[in-house]
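Enquirer: Sequences are here, hints too, so could you generate the full structure?
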Amino acid sequence: MVGIVLVSHSEKIAMGAQELIEQMTKGSVPLEVAGGTSDARLGTDVNLIMEKIEKVYSPSGVLVIVDLGSAVMSAQMAIESMEEEKRKNVIIADAPFLEGAISAVMESSFGKGLEEVKSAAEAAKNLNKL
Amino acid sequence: MTIDNKVLLKIIENIAVKVKENKEYLTELDSAIGDGDHGINMDRGFQAVQEKLPALADKDCGTILKTVGITLVSTVGGASGPLYGTAFMRAGGVSANKYELNREDFLEILEAALEGIKMRGKAERGDKTIVDALEPAVLAFRENLQSPNPLLKALEAAREGVDYTKSISAKKGRASYLGDRSIGHQDPGATSCCLMLEALAETLEPQEA
Chain A
1 MVGIVLVSHS EKIAMGAQEL IEQMTKGSVP LEVAGGTSDA RLGTDVNLIM
51 EKIEKVYSPS GVLVIVDLGS AVMSAQMAIE SMEEEKRKNV IIADAPFLEG
101 AISAVMESSF GKGLEEVKSA AEAAKNLNKL
Chain B
1001 MTIDNKVLLK IIENIAVKVK ENKEYLTELD SAIGDGDHGI NMDRGFQAVQ
1051 EKLPALADKD CGTILKTVGI TLVSTVGGAS GPLYGTAFMR AGGVSANKYE
1101 LNREDFLEIL EAALEGIKMR GKAERGDKTI VDALEPAVLA FRENLQSPNP
1151 LLKALEAARE GVDYTKSISA KKGRASYLGD RSIGHQDPGA TSCCLMLEAL
1201 AETLEPQEA
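Residue numbers (this note's numbering), protein chains in the order written: chain A, 1 to 130; chain B, 1001 to 1209.
A couple of the hints might just be wrong.
Below 30 Å or equal to it, Euclidean Cα-Cα: the simulated DSS-like pairs (lysine-lysine) are [unchecked claim]:
#	chain 1	residue 1	chain 2	residue 2
1	B	Lys1122	A	Lys12
2	A	Lys88	A	Lys112
3	A	Lys125	B	Lys1172
4	A	Lys112	A	Lys55
5	B	Lys1166	B	Lys1153
6	A	Lys86	B	Lys1023
7	A	Lys129	B	Lys1171
8	A	Lys12	B	Lys1172
9	A	Lys125	B	Lys1171
10	A	Lys12	B	Lys1023
11	B	Lys1098	A	Lys88
12	A	Lys12	A	Lys112
13	B	Lys1020	B	Lys1098
14	A	Lys26	A	Lys125
15	A	Lys88	B	Lys1122
16	B	Lys1166	A	Lys129
17	B	Lys1006	B	Lys1122
18	B	Lys1171	A	Lys12
19	B	Lys1122	A	Lys125
20	B	Lys1006	B	Lys1153
For the record, the hints were derived by calculation from the structure and aren't laboratory data. Source: prediction; values computed, not measured.
Expert: Okay, structure coming up:
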């Protein structure tokens, strides 16, 4: 099953998203969050992101969903510092944070592959609410 | 202009001091158009760097610069962590095993840092970022490489670049959400970059910078 890592500047946002998602999946999808910095400020932390990716890693791959600015760059650096063998199985989705995360986790729970999970997350950009 | 590993450590020490002195100023600039943490983040990163300097006393320039980069990446927290972190790591890559840097080496370091920042942030000149100070500085350094003082020319160009950021709207980072309302404000990233070049020039040319 594809693992999902949510990267947010805010630990509260990340944990809130996780809470909302796990209400639906009941923990059936490997999901970890990396919110805030290691000293509890708003921001992102490359080492923390790497640790969380490793935690949900399997050869099925990991999709990383990011919120703003430095979350993208920190996630890229976290992936770059992984072993080459694993690196190719970890990708970042260009997706809205919450809607993308829900779509990705659902798709992963259906047993879909990394590319499909990524596409599902990115398709959330075009979800109509009204 | 020759920089050995001892002078390089002094430069980094002076950058840390300069960042600390300007912590409030950078935060003030960032509060106007961003998330208001640039001064705090940069100071935190360079404090951590400062703590690592004693252990680097006998290391080559590449190791020193790489260590600075890795430390910034893991301690800053904001976008400036991956950006300046990548810059220093790339600079370390082109100066590996060197204990002395001449002008040509230093140009190579500046170019590698600039390329690293542009790659990581996907920014170009005119986006209201670090690149608006650093790119003109690197170009001025290259153009004046054989003149008596390329570094002062670079600093001059960086200062003009910082000024220029007041006239444009932000295309990157949190400030881009403000669109044209970011015009009139000076970019905090370009400013911190200029301050670092200032610390560099003051270390090497204390009379003139």
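Enquirer: The structure should be examined with respect to each hint, and the outcome stated for every one.
Expert: Hints and how they fare:
1. B:Lys1122 x A:Lys12: holds (29 Å)
2. A:Lys88 x A:Lys112: holds (17 Å)
3. A:Lys125 x B:Lys1172: holds (20 Å)
4. A:Lys112 x A:Lys55: Holds. Lys112 (chain A) to Lys55 (chain A) sits at ~20 Å (cutoff 30 Å).
5. B:Lys1166 x B:Lys1153: holds (21 Å)
6. A:Lys86 x B:Lys1023: Status violated; Cα separation ~39 Å.
7. A:Lys129 x B:Lys1171: holds (28 Å)
8. A:Lys12 x B:Lys1172: holds (25 Å)
9. A:Lys125 x B:Lys1171: holds (21 Å)
10. A:Lys12 x B:Lys1023: holds (27 Å)
11. B:Lys1098 x A:Lys88: violated (33 Å)
12. A:Lys12 x A:Lys112: With a Cα-Cα distance of about 29 Å, the restraint between Lys12 (chain A) and Lys112 (chain A) holds, given a limit of 30 Å.
13. B:Lys1020 x B:Lys1098: Status holds; Cα separation ~29 Å.
14. A:Lys26 x A:Lys125: Holds: Lys26 (chain A) and Lys125 (chain A) sit about 25 Å apart, inside 30 Å.
15. A:Lys88 x B:Lys1122: holds (21 Å)
16. B:Lys1166 x A:Lys129: Cα-Cα ~38 Å, so violated.
17. B:Lys1006 x B:Lys1122: violated (33 Å)
18. B:Lys1171 x A:Lys12: holds (27 Å)
19. B:Lys1122 x A:Lys125: holds (22 Å)
20. B:Lys1006 x B:Lys1153: Answer holds: Lys1006 (chain B) to Lys1153 (chain B) is near 24 Å, not above 30 Å.
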